[in-house]
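Visitor: At position 188 of the sequence shown (counting the first as 1) the number is 188 in the numbering used here, and the numbers step up by one without a gap.
I should point out that these hints are in silico values taken from the structure, not numbers from a laboratory.
Treat the hints with caution; some may be incorrect.
What the hints assert, rightly or not - Result set (SDA-like, lysine to any residue): computed pairs, CA atoms no more than 20 Å apart in a straight line:
| hint | residue 1 | residue 2 |
| --- | --- | --- |
| 1 | Lys39 | Arg21 |
| 2 | Lys56 | Cys12 |
| 3 | Lys45 | Tyr92 |
| 4 | Lys196 | Pro174 |
As the list claims (entries may be wrong) - Just the calculated beta-carbon pair ranges, DEER-fashion:
| hint | residue 1 | residue 2 | range |
| --- | --- | --- | --- |
| 5 | Lys105 | Pro125 | 45 to 55 Å |
| 6 | Leu205 | Ser227 | 21 to 31 Å |
| 7 | Asn152 | Pro179 | 48 to 58 Å |
| 8 | Ser227 | Gly55 | 15 to 25 Å |
| 9 | Ser54 | Val122 | 36 to 46 Å |
| 10 | Ala129 | Gln108 | 30 to 40 Å |
| 11 | Gly71 | Gly27 | 23 to 33 Å |
| 12 | Asn184 | Ile72 | 26 to 36 Å |
| 13 | Glu25 | Gly192 | 27 to 37 Å |
Glycine residues also receive a C-beta, built at the ideal position from the N, C-alpha and C atoms.
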Amino acid sequence: LAKAGAEIVVVCRHGADETIRLIEEVGGKAYYEQCDVTKEDQVDKCVASIVARSGKIDILFNNAGVCYHKGIFEATIEDWREVIDINLTGEYIMARAVIRTMIDKGIQGSIVNMASMSGTIVNIPQWQAAYNASKAGIIHLTKSLAIEMAHNGYDIRVNALSPGYVATPMSIDPDFVEPELIENWTRLMPTGRMAKPEELVPAVLYMVSPMAGYTNGADTIVDGAYSVQ
Numbered sequence: 001l002a003k004a005g006a007e008i009v010v011v012c013r014h015g016a017d018e019t020i021r022l023i024e025e026v027g028g029k030a031y032y033e034q035c036d037v038t039k040e041d042q043v044d045k046c047v048a049s050i051v052a053r054s055g056k057i058d059i060l061f062n063n064a065g066v067c068y069h070k071g072i073f074e075a076t077i078e079d080w081r082e083v084i085d086i087n088l089t090g091e092y093i094m095a096r097a098v099i100r101t102m103i104d105k106g107i108q109g110s111i112v113n114m115a116s117m118s119g120t121i122v123n124i125p126q127w128q129a130a131y132n133a134s135k136a137g138i139i140h141l142t143k144s145l146a147i148e149m150a151h152n153g154y155d156i157r158v159n160a161l162s163p164g165y166v167a168t169p170m171s172i173d174p175d176f177v178e179p180e181l182i183e184n185w186t187r188l189m190p191t192g193r194m195a196k197p198e199e200l201v202p203a204v205l206y207m208v209s210p211m212a213g214y215t216n217g218a219d220t221i222v223d224g225a226y227s228v229q
């Protein structure tokens, strides 16, 4: 998005110096806003700050997420609530705040919610019911918001991106995931490998661009055919 000319605001709970540096290295403009997406007051303050500094918000890439590999009797209710609060409720709170300002300013906006192939399939061999449920919820939240915006005459498109396994720390770092799981996942992949993060970029660029003017309420799956086996 930065290479395409968008000014980027990185929203997260902790510092984003490295992300800002990478964006600026490719000639992009970026700054950071601290926010916990599960806290409505923080989100509202964050969005207001962005609008005050940048004037408007045209695009929201809703990408907060967490995952625990625990079975139903191993996971606590606190684990469940944390995953649902961050992955699903957090995206809802952020989308609502951004949609409000898009409507107020008459913006032709685009929202891309980060879902997952886990919203339509059950991953094996790990158990992650809370994560799967949260991503299924995001897919239907996306469809619901797309219909609501269209029926009310707002030119705000809402779509979802559903990746498969991507070579990020959450999927390849031993501090986050067991090596045995990585071996199992790779064995089950038709492509024999995880996606590179940059292989998700074209789908996002399409969804937020004018070329996708009639793409609304869609769940775009980018998983190397994993989920169609």
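Visitor: Please go over all the hints and tell whether each is borne out by the structure.
Guide: Structure-based check of all given hints:
1. Lys39 - Arg21: 27 Å, violated
2. Lys56 - Cys12: Cα-Cα ~19 Å, so holds.
3. Lys45 - Tyr92: The given pair, whose Cα atoms are some 16 Å apart, holds under the 20 Å limit.
4. Lys196 - Pro174: Distance of about 18 Å is within 20 Å: holds.
5. Lys105 - Pro125: 45 to 55 Å: 48 Å, holds
6. Leu205 - Ser227: 21 to 31 Å: Holds, since Leu205 and Ser227 (Cβ atoms, about 22 Å apart) stay within the stated range.
7. Asn152 - Pro179: 48 to 58 Å: 49 Å, holds
8. Ser227 - Gly55: 15 to 25 Å: Violated, at about 40 Å.
9. Ser54 - Val122: 36 to 46 Å: 41 Å, holds
10. Ala129 - Gln108: 30 to 40 Å: 38 Å, holds
11. Gly71 - Gly27: 23 to 33 Å: Because 47 Å falls outside the window, the suggested range is violated.
12. Asn184 - Ile72: 26 to 36 Å: This hint is violated: roughly 20 Å between Cβ atoms.
13. Glu25 - Gly192: 27 to 37 Å: This hint holds: roughly 31 Å between Cβ atoms.
When each numbered hint is compared with the structure, violations occur for hints 1, 8, 11 and 12.
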